[in-house]
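2 protein chains.
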Amino acid sequence: MGRLAYNPLTMSKTVLTRNNVQVVGRGDDVLVLAHGFGTNQTAWRNQVRAFEDTHRIVLFDHVGAQGSDLEAYSPHRYAGLESYALDLIEVLEAVQARDVFYVGHSMSGMIGLLAGLVRPELFRGMVFISASPRYINAPDYRGGFERPDIDALYETIEKHFDAWASGFAQAAVGPSATPEVVKAFSESLIALRPDIAIGVIRIIFESDFREQVTRLNVPSWVVQPLHDFAVPNHVGEYLAKSLPKGQLHYVPNQGHLPHMTAPNEVNALIAQALAAAS
Amino acid sequence: MGRLAYNPLTMSKTVLTRNNVQVVGRGDDVLVLAHGFGTNQTAWRNQVRAFEDTHRIVLFDHVGAQGSDLEAYSPHRYAGLESYALDLIEVLEAVQARDVFYVGHSMSGMIGLLAGLVRPELFRGMVFISASPRYINAPDYRGGFERPDIDALYETIEKHFDAWASGFAQAAVGPSATPEVVKAFSESLIALRPDIAIGVIRIIFESDFREQVTRLNVPSWVVQPLHDFAVPNHVGEYLAKSLPKGQLHYVPNQGHLPHMTAPNEVNALIAQALAAAS
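If you read the protein sequences in the order shown, they are chains A and B.
Take any residue in the first sequence, count from 1 to its spot, add 129: that is its number in the numbering used here.
Take any residue in the second sequence, count from 1 to its spot, add 129: that is its number in the numbering used here.
Same shape as in the complex, but just chain A:
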């Protein structure tokens, strides 16, 4: 009855195109770099430069980001980070990657976590950069944001997307960023389709993975910038303590994009984690 024979090539092509998957570098060990909100795989250029001589590097764009197949986006298909986690697993399958070292920034932290819960054997280790299991304060938990702030944020984004994006870019990269980085991040944010940006912002801020982080059976490194407006230090501490195999490292960086604004420090931590996980 089957109309299509199962064809790994077809599968790979679908996924490779959808997520604009790129494999670069050389080496036996695989490093997967997963970007956060408002950026795409180009955010990792400093890490690619640092590790391409020693590692095979898998890069991709989450659906909705520049480079991905925007036709694949729908607010219902991508109503939670769980959908991105399934995509991540499909990306790793498509390139037949196993036992990878995963670095996830911001939303890709929890995306990696969810993938690691159902496919732990895919991951040798995980680095969470500026990641938060929950942004909104709750009883016995300080995520850093109050509900009314978040609701006001949604309203602003919906009404004045471009203005918000330019302000957010400045806040996110932090005061120490070079004008080039501010410009790059700002342009990348404004290039997002506003409906997608708003949809993704909502699923990020409404997410709550505090229970799931206690169950990840993968060695994990939490990279916490010293001044991240989106992820306060105690959230990084909470995350590292909650992860069964977690450890915490600070980077002396102001902002939510330390891999872009403090690449040397972040690369040193990644190198350290890579060595420990080998």
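Don't read these hints as lab results, they were simulated from the structure.
All of these numbers come straight from a predicted model, not from anything done at the bench.
Possibly wrong hints are sitting among the right ones.
[As the list claims (entries may be wrong)] Taking lysine to any residue and the SDA-like style, the derived pairs with C-alpha atoms no more than 20 Å apart in a straight line are:
1. A/K142 <-> B/I325
2. B/K370 <-> A/T143
3. A/K142 <-> B/N346
4. B/K142 <-> B/E181
5. A/K142 <-> B/Q341
6. B/K370 <-> B/L355
7. B/K288 <-> B/Q341
8. A/K288 <-> A/N266
9. B/K142 <-> A/Q341
10. A/K370 <-> A/N346
[Claimed, not checked] Now the in silico label distances, taken between C-beta atoms and shown as ranges:
11. A/R271 <-> B/E287: 51 to 61 Å
12. A/A404 <-> B/I327: 47 to 57 Å
13. A/E200 <-> B/A405: 35 to 45 Å
14. A/D182 <-> B/N362: 56 to 66 Å
15. A/Y379 <-> B/Y283: 44 to 54 Å
16. A/R227 <-> B/D269: 51 to 61 Å
Just so it is clear, CB atoms sit at the ideal spot from N, CA and C, and this is done for glycine as well.
Here the structure of chain A is known, so what remains is to put chain B in place on it, guided by the hints.
What follows is chain B alone, placed relative to chain A:
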């Protein structure tokens, strides 16, 4: 730094409680029965009776259904069927099930599909009962529902949940159902928390897994009732043709719950599929 040692027992307990997992029956082969919208694991009583002497049967309640941990529900955590797919994988992990035969009714069809895409080795075969990859008509696709009908449906459910549930129960089970089955399904629907019921109805009707069904590498049997108001015959045909290893079987049943209203016919098909997959 890790505060908690990784503890499979803790993990299992979390998941087992969340999804009210029950393992019954005896035998080497594992049969997983996954319920659809508006029911819970009790919907499978006829199947349990038929297969408990020959199979180990895993039963569970999706989060939001009666029996599950309602505290685990949030509209953001369960914003798409992807979240239920991750739960399903965790349930199978928690009972250390592998190479199972999966039977999914209605929404659990696509939940099984999503789980099977990222964990094909978990599944020896899948039966999709009254399952649809997309309910709303689209260019070159007839799901059976028009957008205005669906929007009107949401409005009705939100305004008059109990009245809708009782009407829906009658329509869903079909005219040939015994009063007992109508009563059981109707009570089970009305017992749902309205906000959860509305949330789940929305993610079902907005879902679109037409691309994903072409990629499932698991032998699959589509069980299509002859008169299912939610899943027209051509949707069952479409599903069976799109599944790479799919085959179609009709059951001479009027309604969306053939495992409850035509249990003998459905059990015969399950037995046939089990034999073919062994």
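A quick look at each hint next to the structure:
1. A/K142 <-> B/I325: Roughly 37 Å between the alpha carbons, so the hint for A/K142 and B/I325 is violated.
2. B/K370 <-> A/T143: 19 Å, holds
3. A/K142 <-> B/N346: Holds - the C-alpha atoms of B/N346 and A/K142 are around 16 Å apart, at most 20 Å.
4. B/K142 <-> B/E181: 24 Å, violated
5. A/K142 <-> B/Q341: 13 Å, holds
6. B/K370 <-> B/L355: 17 Å, holds
7. B/K288 <-> B/Q341: 34 Å, violated
8. A/K288 <-> A/N266: Status violated; Cα separation ~25 Å.
9. B/K142 <-> A/Q341: This hinted pair holds, its Cα atoms lying about 13 Å apart.
10. A/K370 <-> A/N346: 14 Å, holds
11. A/R271 <-> B/E287: 51 to 61 Å: 34 Å, violated
12. A/A404 <-> B/I327: 47 to 57 Å: Between A/A404 and B/I327, where Cβ atoms are some 51 Å apart, the hint holds.
13. A/E200 <-> B/A405: 35 to 45 Å: At 37 Å between Cβs, range holds.
14. A/D182 <-> B/N362: 56 to 66 Å: 58 Å Cβ-Cβ, so the 56 to 66 Å window holds.
15. A/Y379 <-> B/Y283: 44 to 54 Å: 47 Å, holds
16. A/R227 <-> B/D269: 51 to 61 Å: Between A/R227 and B/D269, where Cβ atoms are some 38 Å apart, the hint is violated.
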